[in-house]
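S.K.: Sequence:
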Amino acid sequence: IMVKAAQLLLAGTLLVAVMSDPMVDAVSAFSKASGIPAFFVAFVVTPFASNASELVSSLQFAKKKRIKNISLTFSQVYGAVTMNNTMCLGLFLLIVWYRGLDWDFSSEV
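Under the numbering used here, the sequence shown has 89 at position 89, and the numbering climbs by one with no breaks.
Don't read these hints as lab results, they were simulated from the structure. Worth double-checking, as some hints may not be accurate.
[Claimed, not checked] Here are the simulated distance ranges between beta carbons:
#1 Ala6 x Ser34: 36 to 42 Å
#2 Ala38 x Thr82: 19 to 25 Å
#3 Ala38 x Lys64: 36 to 42 Å
#4 Ile1 x Ser34: 43 to 49 Å
#5 Glu54 x Val3: 36 to 42 Å
#6 Ser34 x Glu54: 37 to 43 Å
#7 Leu91 x Pro37: 19 to 25 Å
#8 Lys63 x Thr86: 24 to 30 Å
#9 Leu10 x Arg66: 20 to 26 Å
#10 Lys65 x Phe92: 37 to 43 Å
#11 Met2 x Phe30: 28 to 34 Å
#12 Ser106 x Leu8: 38 to 44 Å
Just so it is clear, CB atoms sit at the ideal spot from N, CA and C, and this is done for glycine as well.
Taking the hints into account, I'd like the entire structure generated from these sequences.
M.R.: What follows is the structure, given as structure tokens:
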């Protein structure tokens, strides 16, 4: 089972390595075509798109209009958003630290 898990992790890593450059190009092109700032597209639009299926299932679950279901829906959405943002920020800061880059930028908000 450990060998199978390692093979799947390696395959996933290779897929990410192959698909990351086209994804960056697609996000840049979408940003230019729509007139939306690249910062907003990268940190708001892309996470919504990657979690669209989870969001739809959460909304369908919330349609039952029970307090417990709605509370669970909010918990699920907040958990996914927090996990994605924390992981992406952590990886980003790790790259900044590893490459010895200076961080002297402010947010565009």
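S.K.: Does each hint hold? Answer for all of them.
M.R.: Taking the hints in turn, this is what the structure says about them:
no., hint, result
1, Ala6 x Ser34: 36 to 42 Å, "holds (40 Å)"
2, Ala38 x Thr82: 19 to 25 Å, "holds (23 Å)"
3, Ala38 x Lys64: 36 to 42 Å, "holds (39 Å)"
4, Ile1 x Ser34: 43 to 49 Å, "holds (45 Å)"
5, Glu54 x Val3: 36 to 42 Å, "violated (30 Å)"
6, Ser34 x Glu54: 37 to 43 Å, "violated (24 Å)"
7, Leu91 x Pro37: 19 to 25 Å, "holds (21 Å)"
8, Lys63 x Thr86: 24 to 30 Å, "holds (29 Å)"
9, Leu10 x Arg66: 20 to 26 Å, "violated (43 Å)"
10, Lys65 x Phe92: 37 to 43 Å, "holds (39 Å)"
11, Met2 x Phe30: 28 to 34 Å, "violated (40 Å)"
12, Ser106 x Leu8: 38 to 44 Å, "holds (40 Å)"
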